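Start from chain S and add chains A and G according to the hints.
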Amino acid sequence: MLPEAVHQQTHSPSLAHHFDNLEQQREAATLGMWAFLVTEILFFGGLFTVYMIYRSMYPQAFAAASHELVIWAGTTNTAVLITSSLTMALAVHAAQTGNRRLLVTLLIVTIALGCVFLGIKAFEYYTEWVEHHVPGLNYAFEPEYYRNAQIFFSLYFVMTGLHALHMIIGIGIMLFMLWWSIRGVITTEYYNPIEIAGLYWHFVDIVWIFLFPLLYLIGRHAHV
Amino acid sequence: MAGRVDALYFFLIAVAVFFGVLIAGLIVFFAVKYHRKNPNAVGAQIHGSMVLEAGWTIIPFMITMVIFVWGSSVYFAIAHPPADTLNIYAVGKQWMWKFQHLDGQREINELHVPVGRPVKVIATSEDVIHDFFVPAFRVKADVLPGRYVSIWFNPTKPGRYHLFCAEYCGTKHSGMIGEVIVMDPNEYESWLSGGPEGSLASAGGKLFQDLACNTCHRADAQGRGPMLEGLFGKTVNLQGGGTIVADEAYIRESILTPSAKVVDGFQPIMPTFQGLVTEEQLLQLIEYVKSLRSQQEQPTARPVEATRPPTNETTPVKK
Amino acid sequence: MASSTVLTPPHHYLNDGVGIKSWLLTRDHKRIALLYLAGVTFFFFIGGAMATLIRIELITPAGDLVSDETYNKLFTMHGVMMVFFFLIPAIPAVLGNFLVPIMIGAKDLAFPKLNLASWYIYMLGGLFTLYAVVAGGLDTGWTFYTPFSTVASTSNVIPAAVGIFITGFSSILTGLNFIVTIHRMRAPGMTWFRMPLFLWSTYATSLINVLGTPVIAITLLLVAAERIFHFGFFDPRVGGDPVLFQHLFWFYSHPAVYIMVLPAMGVVSELVAAGCRKPVFGYAFVAFASLAIAVLGFLVWGHHLFVAGESVYSAMIFSILSFLVAIPSAVKVFNWTATMYKGSVSWETPMLYAYGFIGLFTVGGLTGLFLAAIGVDVHVTDTYFIIAHFHYIMVGGTIMGYLGGLHFWWPKISGRLYNEGLAKIAAGIIFIGFNLTFFPQFIVGYLGMPRRYHAYPPEFQVLNVLSSAGASILAVGYLLPMIYLMWSLRYGKLAGSNPWGAVGLEWTTTSPPPTENFVTTPVVTWDAYQYDAQQVEGHVA
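First to last, the sequence lines map onto chains S, A and G. Under the numbering used here, the first residue of the first sequence carries the number 1, and numbering increases by one thereafter. Under the numbering used here, the first residue of the second sequence carries the number 1, and numbering increases by one thereafter. Under the numbering used here, the first residue of the third sequence carries the number 1, and numbering increases by one thereafter.
Derived by calculation from the structure, the hints in this document are not laboratory data. Careful: at least some of the hints might be erroneous.
To be verified - From the structure, some residues in chain A lie toward chain G, with a derived Cβ separation under 10 Å: (1) Ala16; (2) Phe61; (3) Leu144; (4) Ile244.
Unchecked claim - Computed footprint of chain A on chain G, listed as stretches where at least three residues anywhere in the stretch have a Cβ under 8 Å from a Cβ of chain A: (5) 65-79; (6) 93-100; (7) 372-385; (8) 444-457.
As the list claims (entries may be wrong) - Examples of chain A residues toward chain G, derived with CB under 8 Å: (9) Arg138; (10) Glu167; (11) Lys172; (12) Gly178; (13) Cys216; (14) Arg218.
A quick note: this is a predicted structure, and the numbers were derived from the prediction, not measured. For each residue, glycine too, the CB sits at the ideal point set by N, CA and C.
For reference, chain S alone in the conformation it holds in the complex (with noise of 0.2 Å):
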C-alpha cells in the first residue's frame, strides 16, 4: 500500500492517474521530451551528414552557391533565435517561481520572436526565388559550378525547410503553453510542461546554430 504522504499527493488536479506521484510524473516526462529530442537529433543527422559528404566532394561549387545567399538576414535571424532561446529560458524561470504576469509576457516575447524569424525566412525564399537559385522551379547558376550547386541548394531548401517547419510546430507549442499559463493551469507544483517545452525550443535553436554557419559561412572569403 502506499504511504500516507504520497497519498495525499494523488489528489493533485495535475496529477495524472496512471502516475504514483508527481515526481514520477515529472521525470517521466522530462526524459521522455530528450528521448524525443534525441530523435529529432538522428533525423536532422541524416541530412547533415549528406551535406558533409557532399560539401567534401565539391567544395568550391558549394563555396561559390553558399555566397548568394543573404547573409544579414542569416545573422540577423541568428541573433533572433538565441534571443529567444534566452526568454524561454527566463520563462522557464518565471514559472518554477511563480510569475505568472512575467511567464505570460516572456512566452508572448518568445513567440513574437519566433515569427521573426520566420518573416525573415520567407524573404530569404523569395529572394532566392527571384535570383534563380530554387532547383526544380527555375534554376539557373553560373555553368561552371551549375550542377553541383544546385545540390547546395536542394540541401539549403531541405534543411532549412525542415527547420522552419520545427519552428512552427514550436510556436504552436508555445501558444498552447501560452493559453495554459494564462489559464492557471500552470503552477509552482506543475510547471514541467514550460521546461520540457523549453528544451524544444532550445533544440531548434541549436539546430539553426549549426546550419548556420554550414550554409551561409563557408564561402564568405573570395572563391576560386
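Positioned in the frame of chain S, the structure of chains A and G alone reads:
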C-alpha cells in the same frame, strides 16, 4: 576462382549442418527426455554457468574469425584482377547488355570470350543501377550510372553460361539476361575477325577529330589543352593542389564536367560534352586516349588484331 | 488444481466501457494492443495475398500469370506491407503494448494518449500506402533504390514513401513510450535484473526504434523531394551519388531487422522459461546480449553494399563486424537450449512455437555467416539465397515467435482457452509448410536464380514448384489460428488467471485483467523466473 568460392561455401555448409543438427538435436532430445509428466512439476532451478557462457562465446567467435579471414582472402582475389586481362567494355541499360570489344566488335546480350585467359569487363550504366552476374563464374558487381566498375573472371571451360542482371532495374529486369560464350582460342579468333568497323580506339580517334578535341589538345602554339599522349595511367597535378591518376573515370569526368578537375597550369576553358556523347562514345574516346603513346615512343600500328589489345592497364577501375 | 481465484472477474478491461467510441478513444494500453492486433493482421493478410500470387506465378518458368509490371508491384508491396506494417510493429505494438505495463507492475504506459496517437499514426500511414497499392501500385522494390525510384519509376512512389514515413513515427513514439515506462514506472522492488527478459528485449528494440527510424524518415523525405523537385541528391547526372541512398537506407534498415527479431527473442525467453518451469539459463547474458545486438546492429549496414560499389577496405570492416553481431544471437540460442536441460518440458502449443523458433532462427542465423563472408556473398547476394536467409529469420523466427506469444498470452488477453489440439496441428502445418517453401530457395539461389525475377530459366523450375507447394501449405497453416482463436472468444473454456502455471506478474492478475491491471500495486521481492514448487501450486488455476 569459382572453386575457391565453392570450397568456402562447403565449409560453411559443414559448420551450419553441425550447429543446426546440434541445436535441433538437443532440443528434441531434451523435449523428449524431460517431457513434463506431472502437471505441477517444475524444472531444476539452475541459473547458469560461467564456463559454458565463456565457451559458447569464445568458440563461435573463433569459428567466425576463421570464416572472416577465409572469406576476405577470397574476396581480395575477386576484387583485384590480374595484370594482363583481356578487357571488354559493357554498358547496361534498361533492359539489355551492350558489349564492346576493343577491336570494335559489338554484341548485345552475348559476350564471346576465349578460354584460358583472364577477362575484365569494365561496365557502366546508362540509366539505373544494374548488376552483372555470371553464376557459373561466381562473380557479380553492381553496374552504376556515372561510374565504371570492373568484374574479372578466368574462363576455364568452353561453353555457354548464363548472364543475369541481378539488381532490380524496372519492368523487364528478368528479361535482362544473356550468355557468356567461352570459345576455344582459335574459334574466338575467327569469330573476332568477322568484326565490322575499326577498333574502339580508332573509332575514338575519329570522334576526337569530329568533336574538334584536337583544336585544343595539340602540341603547337595553338594548344590550349594538356597533351594526351602517354597520359593514361600517369599521375596528374591538379589546380589548387592535389593529384589524381588518369584512369577511365578521370577521362570520363574530364569530358563531361571539365571544370571539376582542371590540370595545373591550364585555364578552365574546356566546354562540357555532357549530352553530346553517348556512353559508348565515351568508351571509344577513352580507348583512344589509352592508345596514345608519348611523343618519344614510336607509334605502333593498330591493326584489327585480336590477340594483344593495348595493355596500358595500370589502375584497376573499381570506384 | 483447486484455487480460490474467480475464473473470470465481473469487471475487466474488455467490458469496461462498451461501444465503438470507448475503443477508438481508449487510453488503455490493453485495448490499444488489440487495435494494433486488428491492424497488423489486416496488413499481414494483404502482404500474404501478394505472396500467394508471387508463388503461383513462379510455378512456371515463363511469366504467364501476371504481366512483368504487375509482378514487380507484387513483390514490392509484399515487402513493404510485411516489413513496415507487420513485422516491425507486430510484437512490440501488440504484445509489448499489452504486457509491458503489466510485467513491470504499472497501471499503464508512461504516455497513454501518445500511445493511442501512435495507433492512429500507424493506421494513417497504412492508409496512405494502401492508397498507393490501390491506385496502381509501387514497383521499386521495398528498398526504393535510386535512381530508379527517383527518376525512372512511374509508379506511386510518393504516396508509399509518405505512408512509410508517417508510420515510422508510430514506431518512434511507441519506442519512446516503452523506454520511459521501463525507466520510470517499475513497481517497487522491480529492479532491472528482476525484469522478465521480454522487457529487456523490448527495451533494446525501443532503443533501435528511437535511434534508427528517424534516418529512414529523412531518407524517404529526400527521395520524395528528389522526385518532385529533381533536387539531385542521388542523380549522377547532376553530381549526386545513387549509392549514398543505399548507405542511408540500410543505416536504418539493417537495425530494422533487429527491431523485427529482438521482440520475438524476448517472447521466446518467456515461452522457454514457462515451458520448462525454470529460469532462463544465463539470464544476465541473455539480457546483455539483447543490448549488444542493438548496439552492434548499427555498425553493420555496409554488408548490404558488398557488391554495390563499396571500397574493399570498408567491405572488410563491415564483414568482421557482421560476424561479431552474430555472437550474441548465438549466445542466446545456446542459453535457451540449456534452459531445457532438466526442465519440466511442456509440449503445449506456445512452447512448440518457441522450439521451432530456436531451430529455424539458428538456420537463418547460420546462413547469415555465409553472407558475412564476402567471398561467398559476392555469389549469392541478390539471389534467392538471400531471400531464403531473411525469410528464415523473419518467418521462421519472428512470425513463429509472434504466434507463440499470441497463443501463450491469449488466455490472459481474452480470458479464454483455444483448442489445443487444433493449435498443435496448425503449428505443425506451419513448420512443415515453412521449411518446404524456403529451404529449396537456398539451393536455387546458389545455383544462380536472381531475386525479383518474374520469369526464370527452366532448369530452376523443380525447386520453384517445391517452394510454391510449401507456400500453399503455409497459407493453410496461417488461416487456422485466425479461425480457432476467433472461435475461442465465444466458445472457448474460461482460462483463469494462470492456465500455464507460469511465474510472472501478468499471471498474478485476472484473465482478462482489470483496466488498471492490478487491484493493488505489487511489491516485487522475487527474481524473474523463480519457480519453486510452492509458487506453482499457488498459481495453477
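Hints versus structure:
The interface hint given for Ala16/A holds, since its Cβ lies 4 Å from the closest Cβ of chain G, which is under the 10 Å cut-off. Nearest Cβ of chain G to the Cβ of Phe61/A: about 6 Å, under the 10 Å cut. The hint holds. Look at Leu144/A: its Cβ gets to within about 6 Å of chain G, closer than 10 Å, so that hint holds up. Among the interface hints, the one on Ile244/A is violated; its C-beta lies about 16 Å from the nearest C-beta in chain G, farther than the 10 Å criterion.
A count of 3 residues in the segment 65-79 of chain G with a Cβ less than 8 Å from any Cβ of chain A is obtained; the coverage claim is therefore met, three being the minimum. Given as covered by chain A, the segment 93-100 of chain G fails the check, having 0 residues with a CB less than 8 Å from a CB of that chain where 3 are the minimum. Coverage of the segment 372-385 of chain G by chain A holds [criterion: at least 3 residues with CB-CB distance below 8 Å; count 11]. Residue count for the segment 444-457 of chain G with a Cβ under 8 Å from a Cβ of chain A: 11. That meets the three needed, and the coverage hint holds.
Because the beta carbon of Arg138/A sits about 4 Å from the nearest beta carbon in chain G, less than 8 Å, this interface hint is met. Look at Glu167/A: its Cβ gets to within about 6 Å of chain G, closer than 8 Å, so that hint holds up. Interface restraint check: Lys172/A against chain G, minimum CB-CB distance 6 Å, threshold 8 Å, status holds. With its C-beta approaching chain G no nearer than about 12 Å, Gly178/A sits outside the 8 Å limit, and its interface hint is violated.
Interface restraint check: Cys216/A against chain G, minimum CB-CB distance 24 Å, threshold 8 Å, status violated. Given the 8 Å rule on beta carbons, the hint for Arg218/A is violated: about 30 Å separates it from the nearest Cβ of chain G.
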